[in-house]
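Undergrad: Based on the hints, put chain B in the right spot on chain A.
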Amino acid sequence: MSTGAPPLSGTPKPQAKALNCPKCGAAITLRSFGQAETVVCGSCHAILDAQDPNLAILQQFEAATGEVKPQIPLGTRGKLRGTDYEVIGFQRRSTKVEGITYYWQEYVLFNPYKGIRYLSEYHGHWNDISVCKTLPAVDSVLGGSSLTANYLGETYKHFQSAEANTDFVLGEFPWQVRVGELAEVTDFVHPPRVLSSEKLRNEVTWSIGEYMYGREVWDAFKLPGVPPEAMGVYENQPSPATTKVSGVWVAFAAFAVFLLALMAGFEMRAKKEPVLHETYQYSRAESKSEPSFVTDVFELTGHPSTVEVKTYAPVSNHWIYLNYALINQDTGQAWDFGREVSYYSGYDSDGSWSEGKQNDAVVVPRVPPGHYYLRIEPEADPALPGIPYTVEVNRDVPVFGIYGIAFLALLVPAVIMSLRAYTFEWSRWSESDHPPMNVANLASSSGDDE
Amino acid sequence: MTQPIANCPNCGAKTVFRWSSSVQTVCQFCKSILVRTDVDLKKVGQVAELPPDNSPLQVNTEGRYGNQAFVVVGRILYEYDQGGWNEWHVMMNDGTSAWLSDAQSEYALSRSSKSQSLPTLAMVHVGQQFSWSNQRYTVSVITPAHYRGVEGELPFQYWDKTDVTFVDLRTESGKFATLDYSDPEPVLYLGEFVEFDDLKLKNLRSFEGWA
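Sequence order for the protein chains is A and B.
Just so we're aligned, residue 7 is where the first sequence starts under the numbering used here, counting upward by one.
Just so we're aligned, residue 45 is where the second sequence starts under the numbering used here, counting upward by one.
Since the hints were made in silico from the structure, they are not lab data.
Glycine is no exception: its CB is placed at the ideal position from the N, C-alpha and C atoms.
Honestly, I wouldn't trust all of these hints.
[Unchecked claim] FRET-style restraints, in silico, Cβ to Cβ:
hint	chain 1	residue 1	chain 2	residue 2	range
1	A	Glu187	B	Gln201	40 to 46 Å
2	A	Val103	B	Ser157	45 to 51 Å
3	A	Gly31	B	Glu229	51 to 57 Å
Chain A with its partners taken away, still in its complex shape (with noise of 0.2 Å):
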């Protein structure tokens, strides 16, 4: 600038400021170059006005259960999401359900550039929280209590509703924290975020958090040892098979589709030439003395490829048993294979019963071109003088069992998996005000996952 910049305005560099507890003279240090609105003595819990410069005694309180010692020490600084926070403050909060007294711990995180943040901590549970920006839309009011809250374009479900008290608390608050003074929280979900709103002497103030792990936060703070390990699900936390589920099912409807192509591709290449049929008479007394015969020499064209023989009696209340083998001609291989027809029925006191068909029809893998005939050697019922039977033969007929196998092999995984993401949102949702009654609720909890 031509005229030479003029001095910046000559406010001294903002430091860390170090006072003394006027009640019991301890040393006390003001992280947060003046944004904080109360802070606790470590020594004798005398909550002070950090924004008196004689800090003020505002509540003495005594430490009902002890001294609560954070997981991470006030002063501590880490790195979260790029940038770098302090810990300067720490309280324990407590809510009372059905007689049990549940306990979790936030801690005030600060930054001279980025503000506030916070973290909080309930039994290994971590969350990233910051004062939300914007103003999230709550549904009309459903017999007394919201259902859903929408917040910057998603849907968030009501989890639970509560009253938090504080009772135990350290360093500085943004805020006139009291020891005692209870808030009323409400949490909505949508995992891994939840958008918490805490009504305190009237005042409204909304908050989203993100999940974190313990591993993370230990990282983040270059804490020593390993963190405490998470107990149960929680309300947000997300569910280690949710977003692979639907990844799955894609994948699955993907290649099921690849498999039904296949097939169809498959059953319109195959040409299912019939080579043979023929009908022949069974009778007790010729197979004694002539138990085996061979049919007509049939040819095999083309690529090897699979045969199918059918076999066809009409049997009923019998059966018939034909030892097969498919002979070449030219080169005497032969496959050897039995097949048996058998099909009984009657009435007993559950009415009517079947078993059996009058049909069979097995195939014969990757068979080479050539001059082939069947050998038959026929068997049946000692009951049976005689019976007539066809038998058929196919070439080139489509196989479909291994795309059965196939099937089941990839369905297998898709519904364990969809069966855990299933049992992690019953988890989930039997510790809220709302626990699942019936699995048509929880499909629609477990739904709307990203």
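TA: Quick look at chain B alone, frame taken from chain A:
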């Protein structure tokens, strides 16, 4: 930049107006409040040293809003029962000016809006909704405040005010509005919340122990 230059009638120091429409400035040296008249500067008052505050911004901080560059040329420091906040007067590179408010590191950029009829303060209550520029705004908080000090250039005279009332309104899409009841005629400011990182601020203050 060509800026009108004048000398402080109190101490004789050079006074620079970086924004041609500035009406008032504060002498960097003697803290006199200077109001521009047709011919020269008139000292209308004196400000006390501003109390130490925690804003990372300062006069001369530069930044970007959308595709426009801006520079901070002045500010008003307000106080209310929960603390204080700064309204930074910023000059955009198209010659217009806007306000960048910084309340405990929550930033919002707004401009005064020539609006239709505005409600009187007595008519406004929390939760009430208003529509301006096809946007529905909900009154979130009514803040009685008083001005704690001024610095640099301002688009209006602001040296004789004490108590003011602001009505803040929010939308469900990150928009923001303030009704300023400092004058008999309310003034509407429309804007939006902005992310610190998106402002790409340069020439910020430094804090001891923070890089």
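Undergrad: Checking each numbered hint in turn, tell me which of them this model violates, lowest number first.
TA: none
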